[in-house]
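Participant: Turn these sequences into a full structure, and let the hints guide you.
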Amino acid sequence: MAKFAHDAYDLDEKTGMLSRKDGLCLPATAEERNAETCSVLEAVTDFIQAQMISLGLMEYWIPDGEDSARCKIFTSDLTSCTKLLIILQNQVGSKPGLWSRSLCLSRGLHAGSMLTAIERATSAGYAVAVLNPNTNSVGSTLQGHKRPIVNSFSPENHVLHVWDSLVAPSKNLNSIYLLTYGNGSSLAVDIVQRQMVRCAENPNETMHIRAIACVEPSQLVDGGESGGDNVLSS
1 MAKFAHDAYD LDEKTGMLSR KDGLCLPATA EERNAETCSV LEAVTDFIQA QMISLGLMEY
61 WIPDGEDSAR CKIFTSDLTS CTKLLIILQN QVGSKPGLWS RSLCLSRGLH AGSMLTAIER
121 ATSAGYAVAV LNPNTNSVGS TLQGHKRPIV NSFSPENHVL HVWDSLVAPS KNLNSIYLLT
181 YGNGSSLAVD IVQRQMVRCA ENPNETMHIR AIACVEPSQL VDGGESGGDN VLSS
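The opening position of the sequence shown corresponds to residue 1 in our numbering, with each subsequent residue numbered one higher.
Simulated from the structure, these hints should not be mistaken for laboratory data. Hints may contain errors.
Label-pair restraints from in silico Cβ distances [to be verified]:
(1) R20 - R198: 49 to 59 Å
(2) S80 - D46: 21 to 31 Å
(3) P63 - H145: 37 to 47 Å
(4) A69 - C199: 29 to 39 Å
(5) Q193 - S106: 29 to 39 Å
(6) Q193 - R20: 19 to 29 Å
(7) S39 - F153: 20 to 30 Å
(8) D7 - R107: 20 to 30 Å
Just so you know, these numbers come straight off a predicted model, no measurement behind them. Glycine included, each C-beta is placed from N, C-alpha and C at the ideal position.
Facilitator: This is the structure in structure tokens:
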């Protein structure tokens, strides 16, 4: 199993809480505090994503070639399961595996990361796909050469590409569930509407999306909008 590693912080893996190591001085300036926070979040992200791999998920790159402008999602082997849970976040700067960076720091990884949901889903026999809709380009705007990522130039483009190229073609999947946080609810609607179009255009297509669960949704998702009544929000 992966271990959390950071020069200034320890992780209690039982509680998921981060704590500052004894005897270390606090950062003296705002710049130093910001740099430390960024480094802690990077370590947290690395740890969570390593944990997802240990739970059986694999890195899948978009696009899948050697292009330097690309992003990764994490997914189970979709050929071996009939049930799939797709996890959607849609917030600027978000990373696969994290619900909220600030929650990870203030309330711990059990509250701020997706690990608990992934563990419960995989133990119940679900395949899991954790999408990455907010990584849309590489490079720096300050340097003036930001490159869009093919098939991920926007959150909507990202999720629909994953759906059309990876999920919809998986013929063994017969029950698909969407778990969203915040603005991810709008992306769930995009996926459902795309599959409705696929079903209308191809009689061999089936609507296998069984339910959407929305945590703190940014918009109301109702039966008329999503094409069904199995929508939960909290």
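Participant: All hints, please: hold or fail.
Facilitator: Here's how the hints hold up against the structure:
1. R20 - R198: 49 to 59 Å: With a Cβ separation near 51 Å, R20 and R198 satisfy 49 to 59 Å, so the hint holds.
2. S80 - D46: 21 to 31 Å: holds (27 Å)
3. P63 - H145: 37 to 47 Å: violated (19 Å)
4. A69 - C199: 29 to 39 Å: holds (33 Å)
5. Q193 - S106: 29 to 39 Å: holds (36 Å)
6. Q193 - R20: 19 to 29 Å: violated (46 Å)
7. S39 - F153: 20 to 30 Å: Holds, since S39 and F153 (Cβ atoms, about 29 Å apart) stay within the stated range.
8. D7 - R107: 20 to 30 Å: Roughly 23 Å apart at Cβ, these two residues keep to the hinted range, so it holds.
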